[in-house]
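J.: Take the given structure of chain X and dock chain Y to it, following the hints.
The primary structure of each chain is shown beneath.
There are 2 protein chains.
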Amino acid sequence: MSKLLIVGTVAFDAIETPFGKTDKILGGAGTYIGLSASQFNVDSAVVSIVGDDFPQDYLDLLTKNNINIDGIEVVPGGKTFFWSGRYHNDLNARDTLDTQLNVLADFNPVVPNNYKDAEIVMLGNLHPLVQLSVLEQVENPKLVILDTMNFWMDNALDDLLNVISKVDVITINDEEARQLSGEYSLAKAAKKIATMGPKYVVIKKGEHGALLFHEEEVFFAPALPLDEVFDPTGAGDTFAGGFAGYLAASSDISFENMKNAIIYGSNLASFCVEKFGTERMEKLSKDEVRSRLAAFKKLTQFEIELT
Amino acid sequence: MSKLLIVGTVAFDAIETPFGKTDKILGGAGTYIGLSASQFNVDSAVVSIVGDDFPQDYLDLLTKNNINIDGIEVVPGGKTFFWSGRYHNDLNARDTLDTQLNVLADFNPVVPNNYKDAEIVMLGNLHPLVQLSVLEQVENPKLVILDTMNFWMDNALDDLLNVISKVDVITINDEEARQLSGEYSLAKAAKKIATMGPKYVVIKKGEHGALLFHEEEVFFAPALPLDEVFDPTGAGDTFAGGFAGYLAASSDISFENMKNAIIYGSNLASFCVEKFGTERMEKLSKDEVRSRLAAFKKLTQFEIELT
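Sequence lines, in order, name chains X and Y. Going letter by letter, the first sequence gives residues -10 to 296 in the working numbering. Going letter by letter, the second sequence gives residues -10 to 296 in the working numbering.
Pulled out of the complex, with its shape left as it was, chain X reads as follows:
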């Protein structure tokens, strides 16, 4: 078992989908990554920041799931980061209705002493300078995984490229991979992104699965065809958390094991979208995970002998 250090937002979300809407509920990349990674036998910690309006119940939920929260700063008198969005009818696009950075505007992440030796570091979507600061505080990680999004490509590209040059794995979605690389073909985009630093490039395609590229090799994990997608919020973070959590629990960062890791990530993301917010992930049983993993095997495994 390796130590897993996660940096990412711990926040409030308010979500509208064609199926309903929520008030302020628990959200944030750090939250989703942490909950997903906690499905594995890992020693994980989340570095983040919240205001004192953040309910103790939410923090307790994290600790109850064996997530160390020493690195979550609670700012007295501060207000927690808030995001609100509305999904389109097909759930493949969304509009941001409101973003209130609040305490996130002055976030100086502090990695707890006990996690400076983390073997695996998961840099959740945040300003690249915050990600960089976390990276500078860890001692000698075996694997650094970066998640980011187009917002930073548009607004902080130099800082983003700097972080990208220092990580081992990058996870981004297909449109972002195209934007970052200037290549339409995802195979070409991945090769170009690999020249920027990461030895492993994971391209997330939402309902169309995820691709893992490494040198001349490529592996594909499908998304499970679901009867209903209820709320896509956090699916990408849940995927990344499953990927990082599985690698940390198995202490094996080979390409072969990364294949399993993206299958586990896809598997966990398929649960995340079944309910609003973190609801489904909070109550997920090991039996449910195992049973759906069997469905993933049936979905993709075939028997063709190469003669």
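Honestly, the hints are just simulated from the structure, not real lab data. Check the hints yourself; a few may be wrong.
Since the list gives no way to pick out one identical chain from another, each pair is judged satisfied if it fits inside one copy or across any two copies.
[What the hints assert, rightly or not] Distance condition first, Cα-Cα at most 27 Å in a straight line; then the derived DSS-like pairs of lysine-lysine:
(1) 287 to 131
(2) 287 to 68
(3) 155 to 188
(4) 264 to 194
(5) 177 to 194
(6) 264 to 181
(7) 10 to 131
(8) -8 to 188
(9) 287 to 180
(10) 264 to 10
(11) 194 to 286
(12) 194 to 287
(13) 275 to 105
(14) -8 to 181
(15) 188 to 131
(16) 286 to 181
(17) -8 to 177
(18) 13 to 53
(19) 105 to 155
(20) 105 to 264
(21) 194 to 181
(22) 194 to 180
Fair warning: this is a prediction, and the values are worked out from it, not measured in the lab.
T.: What follows is chain Y alone, placed relative to chain X:
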């Protein structure tokens, strides 16, 4: 080895992609299906219609590939069906520039006597009444596969539903599955389409692969991530031809074998898009097919033990 009967257009195409354009070249669903199926050890025949403007070289190409053309009517003084289209920059959409039905307007398909006992029938995209006529001429097929498209949903829905009620397998793309079923979720769409007749529903997602649904089971074949897609014309027909050809060659129409069949179909389609029109399929070697099949295995096969 089973006999494979194919009905579909044999035609002229003129294609524009971001990479170039062609004059009138060989095209048509029947052509692509036949060429793809000919990769397997099958006894196949194409039923179609052309004008006497259709080059003998093109007909010779089919016979050279062991495709029986007794069922291709050549209309003296008639002109061959012509389609012209222009692809958008991302190759995922296209505009039809011209459609000249010509001899296709009065197509009364005649199944050669020697193929009325075909075990496998592949109804390529055509007016549902033409597909129905072929179906009425065959004696006792083991498996009937239907390919169709949204044009017939818009213009001949009752006839289409009649054909759909009589087939075993339907192959359509994701948007068409949604249109036909009224369901956005592809899992739900497939279930609904199955109630219309077909025991097997194949949903083609282009660059995102293909799904095979049967009762409560589902199997997924990815598309190979390619550096370049040059011309998508015929990819869906090539997929269907590979699917039908493999099933015919192996004389095994079980669900397990259909999994292999959609892998083979995806494999062949990945070649089709690499050059304009039928160019790549005309020169495809068995070694190339086998080598890419190995790539498909590496792309999707993983080792997770379910404990």
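J.: Each hint: holds or not?
T.: Evaluation of the provided hints:
no., hint, in the structure
1, 287 to 131, "between (33 Å within a copy, 26 Å between copies)"
2, 287 to 68, "neither (47 Å within a copy, 49 Å between copies)"
3, 155 to 188, "within (10 Å within a copy, 52 Å between copies)"
4, 264 to 194, "both (20 Å within a copy, 26 Å between copies)"
5, 177 to 194, "both (16 Å within a copy, 20 Å between copies)"
6, 264 to 181, "between (36 Å within a copy, 24 Å between copies)"
7, 10 to 131, "neither (41 Å within a copy, 50 Å between copies)"
8, -8 to 188, "within (21 Å within a copy, 49 Å between copies)"
9, 287 to 180, "between (30 Å within a copy, 18 Å between copies)"
10, 264 to 10, "within (11 Å within a copy, 48 Å between copies)"
11, 194 to 286, "both (19 Å within a copy, 20 Å between copies)"
12, 194 to 287, "both (21 Å within a copy, 19 Å between copies)"
13, 275 to 105, "neither (30 Å within a copy, 54 Å between copies)"
14, -8 to 181, "neither (31 Å within a copy, 47 Å between copies)"
15, 188 to 131, "within (13 Å within a copy, 50 Å between copies)"
16, 286 to 181, "between (31 Å within a copy, 24 Å between copies)"
17, -8 to 177, "neither (33 Å within a copy, 41 Å between copies)"
18, 13 to 53, "within (21 Å within a copy, 68 Å between copies)"
19, 105 to 155, "within (17 Å within a copy, 66 Å between copies)"
20, 105 to 264, "neither (35 Å within a copy, 53 Å between copies)"
21, 194 to 181, "both (18 Å within a copy, 26 Å between copies)"
22, 194 to 180, "both (17 Å within a copy, 24 Å between copies)"
The structure fails to meet hints 2, 7, 13, 14, 17, 20 from the earlier list, while all remaining hints are met.
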